[in-house]
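Colleague: Okay, here's what each chain looks like letter by letter:
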Amino acid sequence: MASSIENNNEKLTLKSSDGEEFLVEKHVALQSTLLQNMLDSDCSSADVIPLPKIDARTLALVLGYCKKHADASSSKQGELNSFDSEFLKDMDMGALFNLVLAANFMEIKGLLDIAAQKIADTIKDKPHQEVREIFHVENDYTPEEEAAVREENRWAFEGFP
Amino acid sequence: MRTTSDGRNGNRCSSRRRKPGVDRLSKLPDSVLLHILSFLPIEDAIGTEVLSKRWKSLWTYSPSLIFRQYFYDDDPEDERPISHDTYTEEWIVLEDRNFVAFVDKTLLLSNCSKVDKLEFDFEYKPCLASKVDLWTRFAAVKGTEELHLLFHDENIYADKNRRYELPQHLFTNSLFRELNFRKCRLNPKGNIGWKSLKKLSIGEVRLSNELLEKILSSSPVLEMLELYWYEGFSRLHVNNASLKKLILISYRGPTPTYEEDEAEAEHDNEEADAEPDNEEDEAEADGAHGAEEDAADGGNALEEDLADGENPAEEDEADDGHGFEEGEGGGEQDPEGLEISAPHLQSLEISGRLAWNCQLINVSSLVDAKLACNLKSDEREEDAIRIQNELGGLLSSFAHVKSLAVGTWAMRKDELGSYELRHYWTSQKRIFKCLSLHLKKVVFANSSWFGYESNFFSFVQFLLKNAKVLQKVIIHTSMLDDAMPKEFYVAANKLLTFPRSSPDAVVMFCN
Chain A
1 MASSIENNNE KLTLKSSDGE EFLVEKHVAL QSTLLQNMLD SDCSSADVIP LPKIDARTLA
61 LVLGYCKKHA DASSSKQGEL NSFDSEFLKD MDMGALFNLV LAANFMEIKG LLDIAAQKIA
121 DTIKDKPHQE VREIFHVEND YTPEEEAAVR EENRWAFEGF P
Chain B
1 MRTTSDGRNG NRCSSRRRKP GVDRLSKLPD SVLLHILSFL PIEDAIGTEV LSKRWKSLWT
61 YSPSLIFRQY FYDDDPEDER PISHDTYTEE WIVLEDRNFV AFVDKTLLLS NCSKVDKLEF
121 DFEYKPCLAS KVDLWTRFAA VKGTEELHLL FHDENIYADK NRRYELPQHL FTNSLFRELN
181 FRKCRLNPKG NIGWKSLKKL SIGEVRLSNE LLEKILSSSP VLEMLELYWY EGFSRLHVNN
241 ASLKKLILIS YRGPTPTYEE DEAEAEHDNE EADAEPDNEE DEAEADGAHG AEEDAADGGN
301 ALEEDLADGE NPAEEDEADD GHGFEEGEGG GEQDPEGLEI SAPHLQSLEI SGRLAWNCQL
361 INVSSLVDAK LACNLKSDER EEDAIRIQNE LGGLLSSFAH VKSLAVGTWA MRKDELGSYE
421 LRHYWTSQKR IFKCLSLHLK KVVFANSSWF GYESNFFSFV QFLLKNAKVL QKVIIHTSML
481 DDAMPKEFYV AANKLLTFPR SSPDAVVMFC N
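Keeping their order, the protein sequence lines are chains A and B.
Under our numbering, the first residue of the first sequence carries the number 1, and numbering increases by one thereafter.
Under our numbering, the first residue of the second sequence carries the number 1, and numbering increases by one thereafter.
Check each hint, because a few of them may be wrong.
[Said to hold, decoys possible] Derived lysine-lysine pairs resembling DSSO-like cross-links, with alpha carbons at most 27 Å apart:
#1 A:Lys109 / B:Lys245
#2 A:Lys68 / B:Lys142
#3 A:Lys109 / B:Lys198
#4 B:Lys142 / A:Lys109
#5 B:Lys245 / A:Lys53
#6 A:Lys68 / B:Lys440
#7 A:Lys118 / B:Lys53
#8 A:Lys89 / B:Lys27
#9 B:Lys245 / A:Lys67
#10 A:Lys124 / B:Lys27
#11 B:Lys117 / A:Lys118
#12 A:Lys109 / B:Lys27
#13 A:Lys68 / B:Lys402
#14 A:Lys67 / B:Lys198
#15 A:Lys67 / B:Lys402
#16 A:Lys124 / B:Lys117
#17 B:Lys245 / A:Lys68
#18 B:Lys56 / A:Lys124
#19 B:Lys53 / A:Lys124
[As the list claims (entries may be wrong)] Using C-beta positions, here's what the derived DEER-type ranges look like:
#20 B:Lys494 / A:Asp40: 53 to 59 Å
#21 A:Lys109 / B:Ser242: 15 to 21 Å
#22 A:Lys109 / B:Asn493: 45 to 51 Å
#23 B:Asn98 / A:Arg57: 44 to 50 Å
#24 A:Asp40 / B:Lys195: 51 to 57 Å
#25 A:Leu80 / B:Pro126: 42 to 48 Å
#26 B:Asn187 / A:Glu86: 44 to 50 Å
#27 B:Lys486 / A:Gly94: 51 to 57 Å
#28 A:Glu86 / B:Ser130: 45 to 51 Å
#29 A:Leu80 / B:His400: 17 to 23 Å
Source of the hints: derived by calculation from the structure; they are not laboratory data.
Here a beta-carbon is modelled for each residue, glycine too, at the ideal position from N, C-alpha and C.
The following block holds chain B by itself, in its conformation from the complex (with noise of 0.2 Å):
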C-alpha cells in the first residue's frame, strides 16, 4: 500500500454513498491481522494507520519485523523496455541515512513484547558497528526466535577482517529457532548454547573444522543445515540425529575469488559443465584420484576438478581469463578437500561449485539427493569414463535414495566418445540396492539434447531396465523446438517406448 496523498475528500464521499458491505477485514482477531501485516514491507504495515481507527498503531504489535535496504520496483505501471542496465534501475536502494535511521525508528515504536522475526539485509559499514549492537540487543530483549543478519559489503574491495563480528550474546541466546547470517564474522569465545535451534544458514562467512564443530555439537535440535558460499573447512561431520537436511551452495574456497555478480551467476550454473579443463590441472586430479580412493575407506569420491585450479600448487597453470586474487584472509590457507559424514541425514542438495576433492563418507539414510553441483570433466574420454564411475560409486552409497536430481555434470549427451562410454550403463550389469527398492523419480536438469548412440542415453535406458520401483523420469531440456537437432527426437521416441522393469515409470521431457 502506497501512502500517496488519494483522494482525501471526494472519494471518501462517493464511498460513503455505496452501498455497504461487511467490513470482514477490520473484524479479524488482532492475532490474524498482525499475521497479515507480517506478509507486507514495513512501510506498508505503517501505512495501513490510514485506513481506520481500527488499524491505528496496530502494526506496532506485529511480531515480525523485516528490514530490507534494497526494494525490488515492481510496478506494474512500469513499461520500461528491459535493457542490460535494468537490473540496477529497478533496485532501489535506500541511503544508509534513511535506513539506519527507518530502523530506528520503527523499533523504537514496536510495541509487541515478543518480535518473533527480526531480519536486517542491508549494507554495512564499520561505522553502523554499535547500531547493529544494538538491533541485535533488540532481538535479545523482545525474544526474538528468529534472527536473519544479511550483510552486504560496501564493494568488493572492503576488507573482509572489518566485517561485522557477532556479538557474544548471540551465541548463548537458547531462544533462536532459526539464524541467517551472511558476510559477517563469527567468534564463538566461550560456549555456544543454541538449544532450540532447528534451522541455520550461514553465507559467504569463512568457518572452521573447528567452528563448524562447535556449532553442530551446542545445537541438539538442529533440522536443517545450509551453507552457501562456503569456504574454509574440509570436514563436516554431522552426527547430530535431528539434523535431516543439508544444502550446500557455491563452493567459495580457497584461492579464486570473482566479483560478486560473478559469483552469483555462478550459483546456477550448470550449463558451463562443457568447458574445456586445463590439461595440467587434469593430470593433477587424476593423480589424487587414485590417492584418496584408499583414503576414501570404501565410501565414495565425488571428486571435483573445476577448470579453475582450486589446488593452489596450480594456480599458475589455470589461467581462465579470470583475475585472480588471494582468498579471503589473505595468507590463510584452506583445508584441501571437503569430507561430509552425516548417518542421519535424508536430503542432501549440492549446487554450484562443489569443494575440490569432496567425498561422501556415509549418507547411509539419504532419501533425497539433489547434484547439480559443476563436476566438471573436459572434453577427454579418461573424464568422462571416470565422472561415470564417481556416479555409480554415488548410487551404491544412496542405499534408500527415493528421489534424485541430477545436473548435466555426469554425462556426455553427443554421440560422441568410445564404445565404452557410450555403453557404459548398459555394456554390463551393475546392481545397486536404491534402484531395486527405492528410487522413485529421477529428475536431469538442462540435458540441453542428446542422442541415442550417448552416454546419457545408455544412463536413462540402464534407470529404465533396472529401476524396479521408478515412476518418473524428468529430462528438463532448455528448449523443446524445431532448434533441436534430429538426433534428439529419434533418441527421445526410442526411450519413451524403451522395456521398462517398473510398469508406471513414465519418462517426460519438460521445459
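If we strip away everything but chain A, and leave its shape as in the complex, we get (with noise of 0.2 Å):
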C-alpha cells in the first residue's frame, strides 16, 4: 500500500444503508479490496459510495478496523494482533454476524479472518445440540436422517478422542 500513503489527504465518503454518511481516508478505505478496485476503475472519488447492506454502526466498527489497519507499519504487528483479539472480544452475535458479512462484501481479509475464526471458535469443541442452540440453527432432520448421517461420517472419528 506503499502507493496510497503518498495520497493520503485524498477522502471519500461512503455511505450506509440506513443513510449515515462516513467520510474517510483513501488510504483507510484501500483496506477493503472492493473499495480499492472501485478506485482503480476510477469510479471518481468525489462521489458518494453507497454500501446499502452495511448499517451505520457496522460501518463504524468497520471503518475502525481499518484505520487501525492502515495506520500500523508493518513493524507494529505484535501491537495489531492485540487490537485485533480486543477488537471482537465482547461483541454480541448479532453484531459479529453484522461485521462478517460486512467483511465479506466490502472483502477486507484481516477482518473477515478474525471474525470467521471467533465464530469457529464458538463452534469448536461443543456438542452439536449446543451449537445449535447458541446460533438457533433449527434441526431438520428426521431422528432417522440424523442417526444416518451420523453413521455416514463415523470414518471421521476412528481414532480420534
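From these two lone chains plus the hints, build me the complex, please.
Modeller: As C-alpha cells, then:
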C-alpha cells in the first residue's frame, strides 16, 4: 500500500444502509479490496459510495478496524495482533454476524479472518445440540436421518479421542 | 465440535419449545461458511454435517484442508495437575494407520474444484512415500496455492537420507504462493518455476549455496523467506527486489547435532548467553576475527563463537557434556560462516543459534531488525569489548533501522568489567546515522537485571542521549519483584530520569 500513503490526503464518502455518511481517508478505504477496485477502475472519489448492505453501526466498526490497520506499519505486528484480539472480544453474536457479512462484502480479508475465526471458536469442541442452541440452528433432520448422517461420517472419528 | 451421541431425542424437543431465534449462521453465504469451517480442525468441520440439512456435505467444498497427526488435548474440563510428563500426556497422536486413512478418505470426498490450502503435518516413514506422492498430486490437480509439507522423523536415529524427496512436479508448479517444507529432501533436477511464490519456509532441510541461489532466482515475487534449523550453505545473497523479510532461526550445522527436544529448547534460548566459553574456542575465534575483518570488505562482522565448538577442528577441545554426533549427511563438510547480503531487505529476524562467523554485507534498506540470537560472550574482558565493537558495527550498517530488538547476548548487566567496558558507550562520541534520523524503538529481551555502573546501562544511556527521534525503549525483565537486586532499582530510577535528546522518548520496563 505504499502508493496509497502518498495520496493520503484524499478522502471519500461512504454511505451506510441507514443513510449515514462517513468521510474516510483514502488509504484507510484501501484496506477494502472492493473499494480499492472501485477506486482503481476510476469511479470518481468525489461521489458518495453507497454500501446498501451495511448499517451505520457496523460500518463504524469496520472503518475503525481499517484505520488501525492502515495506520500501523508492518513493524507493529504485535500491536495489531493485540488490537485484533480485543476488537471482537465482547461483541454480541448479532454484531459479529453483521461484521462478518460486511467484511465479506467489502472484501477486507484480515477482518473476515478474525470474525470467521471467532465464530469457528464458538463452534469448536461443543456438542451439536449446544451449537444449534447458540446459533438457533433448526435441526430439520428426522431422528432417522440424523442417525444416518452420524453413521455416514463415523469414518472421520475413528482413532480420534 | 465433538461428535458425541448427545441428546438425539430429548434435547431436540426442548429446543423446539424455546422461542425460535433467527439462524443467522446458516443464512451466511456458502463462501463465508466455508471460510469459518476452514478455521476448524477437519474432523470438526466434518462433524457439522449433523447440525442440519444446510450443513450436509458443506465441508466437502472447503478450500482449505489441514491434516495434523498431533492434537493438543486442550479440554477445559481436564484439570490434571501439571507434571513433568504433561507434555506427552496431552498430545494425542493418531496412529499412522488412522491418520493415513483419514487423509485418504477426506481427499476422496473433497468436492472443491480448487483447494487453496493443504497442510500435512505428520510422522513420515519411507513406506508412506507413495501415499505422499498421491497427496502432492492432489495438490497439483486442485490448484493448491499454499502447501505445507511438515514431516517428522520416526525417531532421532531415523536415516536422514531416507526422508521424503519432494516430487519434481512441485518445483515446476507456478501456482504456489506459499510453501513450507520441513524435514524432507529438495533435489530439483530441472528448473524451478515458482513464479507466484510469495512466502517460503524451509526447516531442517540441508541446503547448498547453489540450491538457495537457484530457488531465489526462480522466485521473482518472493516477499518472505524463513529458514529454520538451517544448515549446509554459507552464502545468502538475496537480490530479489521483492524480498522484504528474512527470518533465520537456529543454525543447525555443522557439527553438533542434538536431540530433537534440545534443539527446540534452543529455539528460544536467550538466557544461556552467560555460559562461559571454552578457552580454546575463544582463542581461535579471536584469531579468525582479525582475518575476517579484511574479508568483510567494509561490511560488518556479526560473529558467532558458540560454546559448542562450531569449527570442526575444535571438536576435540570442546566438551560441554553433550554427546556429539556427526552432522547430517555424514562426511559432508559444511562451509564455514554465513555471508548475508540483501540490499532490499526491510525486516530481518535472527533468533536462536547463529551460524558461526555470520556477516551482514549489505542490508542498507533494513527498517526493522530483531537480533535475538546468541552471540555468546565468555566472561573475559576482550570478548565483551569485541561484542560491543560488533554491535557498533551493526548499528552503522543499519542505516535506516527504525525498530531494533536486541537479545541478551550483547551486554554485560552486572557492574563488573573494566572501566572501558562499563563506559564503552559513554566514554567517546559515536555517531550512527540511524540514531539521528530513524531509530524510534529499541527492545531489550530478557534483561534479567542490571546495575547503574554496567555496560548495559551505558548503552541505554547512550541511546537516550543520541537517538534524536526515539520514542520507546522497552526493557523486558524476567521478573519484576522484590527478588531483583537493589542495584536494579537504583539503575532503573536513574534511567527514567536521564536526559534524552528526543523529548518523546519513554523508557518502559515489562515482564
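Colleague: Next step is simple, just say for each hint if it's right about the structure.
Modeller: Comparing the hints with the structure gives:
For the hint pairing lysine 109 of chain A with lysine 245 of chain B, the CA-to-CA distance comes to about 21 Å; that is within 27 Å, so the pair holds. The suggested pairing of lysine 68 of chain A with lysine 142 of chain B is violated, with an alpha-carbon distance near 36 Å, which exceeds 27 Å. The hinted pair formed by lysine 109 of chain A and lysine 198 of chain B meets the criterion: a straight-line CA distance of about 17 Å does not exceed 27 Å. Annotation: proposed proximity of lysine 142 of chain B to lysine 109 of chain A holds, straight-line Cα distance about 22 Å (limit 27 Å).
Only pairs whose Cα atoms come within 27 Å are accepted, and lysine 245 of chain B paired with lysine 53 of chain A is rejected, the gap being roughly 38 Å. A distance of roughly 19 Å separates the Cα atoms of lysine 68 of chain A and lysine 440 of chain B; the hinted pair therefore holds under the 27 Å criterion. Of the pairs offered as hints, the one joining lysine 118 of chain A and lysine 53 of chain B holds, with about 23 Å between alpha carbons and a cut-off of 27 Å not exceeded. In summary, the hint linking lysine 89 of chain A to lysine 27 of chain B is supported, as the alpha carbons are separated by about 23 Å, within the 27 Å threshold.
The suggested pairing of lysine 245 of chain B with lysine 67 of chain A holds, with an alpha-carbon distance near 24 Å, which does not exceed 27 Å. Restraint check for lysine 124 of chain A and lysine 27 of chain B: the C-alpha separation of about 19 Å stays at or below 27 Å, so the hint holds. A threshold of 27 Å between alpha carbons decides the hint, and for lysine 117 of chain B with lysine 118 of chain A the separation of about 20 Å falls inside it, so the pair holds. For the proposed pair lysine 109 of chain A and lysine 27 of chain B, the alpha carbon gap of about 20 Å is at most 27 Å, so the pair holds.
Pair hint lysine 68 of chain A plus lysine 402 of chain B holds up; C-alpha atoms about 20 Å apart against a cutoff of 27 Å. About 25 Å separates the Cα atoms of lysine 67 of chain A and lysine 198 of chain B, which keeps this hinted pair within 27 Å; it holds. The suggested pairing of lysine 67 of chain A with lysine 402 of chain B holds, with an alpha-carbon distance near 22 Å, which does not exceed 27 Å. Distance hint between lysine 124 of chain A and lysine 117 of chain B is fulfilled; the C-alpha atoms sit about 20 Å from each other, no more than 27 Å.
A C-alpha spacing of about 22 Å is found between lysine 245 of chain B and lysine 68 of chain A, which places the hinted pair at or below 27 Å, so the restraint holds. Note on lysine 56 of chain B and lysine 124 of chain A: the hinted pairing holds, with a Cα-Cα distance of about 17 Å set against a maximum of 27 Å. This hinted pair checks out: lysine 53 of chain B and lysine 124 of chain A have alpha carbons roughly 19 Å apart, not beyond 27 Å. For the pair lysine 494 of chain B and aspartate 40 of chain A, the beta carbons lie near 55 Å from each other, so the given range of 53 to 59 Å is met.
Checking the proposed 15 to 21 Å range against lysine 109 of chain A and serine 242 of chain B shows it holds: the Cβ atoms sit about 20 Å from each other. Lysine 109 of chain A and asparagine 493 of chain B have their C-beta atoms about 46 Å apart, which keeps the hinted 45 to 51 Å range intact. Hint check: asparagine 98 of chain B to arginine 57 of chain A, Cβ distance near 47 Å, so the stated range 44 to 50 Å holds. Separated by about 23 Å at the C-beta atoms, aspartate 40 of chain A and lysine 195 of chain B break the suggested range of 51 to 57 Å.
For leucine 80 of chain A and proline 126 of chain B, the hinted distance range of 42 to 48 Å is satisfied, since their beta carbons lie about 43 Å from each other. Look at asparagine 187 of chain B against glutamate 86 of chain A: about 47 Å separates their beta carbons, and that is inside 44 to 50 Å. Between lysine 486 of chain B and glycine 94 of chain A, the C-beta spacing of about 55 Å keeps the proposed range 51 to 57 Å intact. Distance hint for glutamate 86 of chain A and serine 130 of chain B: a CB-CB separation of about 48 Å, consistent with the stated range 45 to 51 Å.
Taking 17 to 23 Å as the suggested C-beta distance range, the pair leucine 80 of chain A and histidine 400 of chain B conforms, at roughly 22 Å.
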